[in-house]
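Engineer: Throw the hints in and build the complete structure from the sequences for me.
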Amino acid sequence: MAERDEQLVEDALEGSQRACTELVRRFERPVFNLVVRMVRDRTLAEDLSQDAFVKAFSRLETYRPEQGKFSNWLFKIAHNTAIDHLRRGALDTVPIDAPGEDAPDWHQVLPDHEAVSPLERAERGDLARVLDAAIDRLRPEYREVVVLRHQEGLAYDEIAEVAELPLGTVKTYLHRARKELARILSETDWSPEPAP
Amino acid sequence: MTNDLRHRIDAWLFAEDAREDARAEEAFGAMIAALPRFAPSADFAARVAAAAVPRVVRRSALESSWGWKAAIAAAVAMAGVTAGLLPLARVLPVRVPGWGEVVAAVASAASWIVDWTRSGVFVWETLARIGKAVAVAAATPEVGAGLVASVALAVGALLTLHQLLQSERRVVG
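For the protein sequence lines, the chains are G and U, in the order given. Just so you know, we're using my numbering here: the first sequence kicks off at 124 and counts up by one. Just so you know, we're using my numbering here: the second sequence kicks off at 138 and counts up by one.
These aren't lab readings, by the way, just hints derived from the structure by calculation. Treat the hints with care, as some may be off.
Stated by the list, open to error - For lysine to any residue, the following SDA-like pairs were computed, each having C-alpha atoms within a straight-line distance of at most 25 angstroms:
1. G/K192 to U/A188
2. G/K178 to U/P191
3. G/K294 to G/A283
4. G/K302 to U/E157
5. G/K192 to U/F181
6. G/K199 to U/S178
7. G/K302 to U/A171
8. G/K192 to G/R148
Everything numeric in this text was worked out from a predicted model, so none of it was measured.
Structural biologist: The structure is reproduced here in structure tokens:
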């Protein structure tokens with residue numbers, strides 16, 4: 124049976140290298156996934172995620188289990204790290220459909236969604252990439268709440284705590300993200316397959 | 138996986154078209170959950186562990202550090218309080234009494250209170266007299282220096298306590 128996160132934190136504070144390494148292994152993907160969704164740059168996301176882990180481990184003794192899950196505490200640090208970067212660099216102001224010299228390498232990772240229709244890409248098995256590209260066009264705060272809610276399974280109040288938003292705003296962002304994504308897909312001529 | 142994701146996307150869009158908000162929300166969540174999470178590079182965990190693990194402050198070191206900080210803060214606070222009381226000792230005719238003197242002082246204070254109420258001295262007039270006495274005493278160099286020293290020590294104690302509270306209450310992120 125896997126050790127609880129809180130127990131790993133206790134062991135890490137007692138000097139267990141194994142516990143520290145396990146915490147990194149357990150949360151590297153969730154943290155990276157959240158950050159890369161926010162900043163849309165894989166290399167940058169790895170740097171920021173590493174920064175987040177360094178910050179978290181250097182203040183690990185401040186984590187209090189009675190205040191919430193360790194994962195939420197870590198997500199909050201990752202959120203703040205990514206947001207600080209976005210505010211400093213305004214990376215997200217570069218529109219994804221107007222790549223230039225400073226365009227994030229997201230464009231080099233994903234196919235240009237203007238050149239090929241969604242249906243053709245779907246036929247090639249690129250459904251996930253199509254959806255990722257569409258999600259990428261949402262505002263970073265929308266992307267963040269969508270990932271936290273539907274991929275990490277956080278409750279609304281937990282998302283509010285992590286993203287430092289009012290509860291109502293979290294629900295509003297989720298609603299708007301859904302509507303906006305539907306609009307984006309409809310603009311690219313995506314349509315559901317007719318029922319057989 | 139491709140067919141499953143396609144099915145989820147379609148289920149969501151059908152619900153949106155039908156304006157069935159609750160069903161659309163549920164289908165949307167199922168669709169996002171089915172998307173693969175992005176993974177970092179293969180050596181990411183090793184790099185992070187190398188950078189982050191040494192930053193963990195062990196609890197034993199932390200407790201030792203806290204013990205020293207608490208002792209120093211308490212000593213500075215005590216020194217500040219003691220120094221703060223010294224000028225008052227110069228202003229007020231206070232000296233360490235014996236038990237007999239304490240009893241006599243209490244009796245004379247009670248007698249004074251009775252006389253005061255009888256004489257009808259107003260409270261603010263009394264406070265004004267005390268204030269004047271303090272001002273006169275503070276004008277002397279030694280009492281003035283004592284006041285400055287006591288304030289400085291008190292500020293130092295507060296700053297030390299503030300630093301302790303800051304590190305205890307470190308803001309996440």
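Engineer: Hints first: check each against the structure and report whether it holds.
Structural biologist: Going down the list of hints, with the structure as the test:
1. G/K192 to U/A188: 23 angstroms, holds
2. G/K178 to U/P191: OK: G/K178 and U/P191 at ~11 angstroms, within 25 angstroms.
3. G/K294 to G/A283: 9 angstroms, holds
4. G/K302 to U/E157: 12 angstroms, holds
5. G/K192 to U/F181: Roughly 24 angstroms between the alpha carbons, so the hint for G/K192 and U/F181 holds.
6. G/K199 to U/S178: The hint holds at about 22 angstroms.
7. G/K302 to U/A171: At roughly 19 angstroms apart (the allowed maximum being 25 angstroms), U/A171 and G/K302 satisfy the hint.
8. G/K192 to G/R148: 17 angstroms, holds
Of the numbered hints given earlier, the model fails none.
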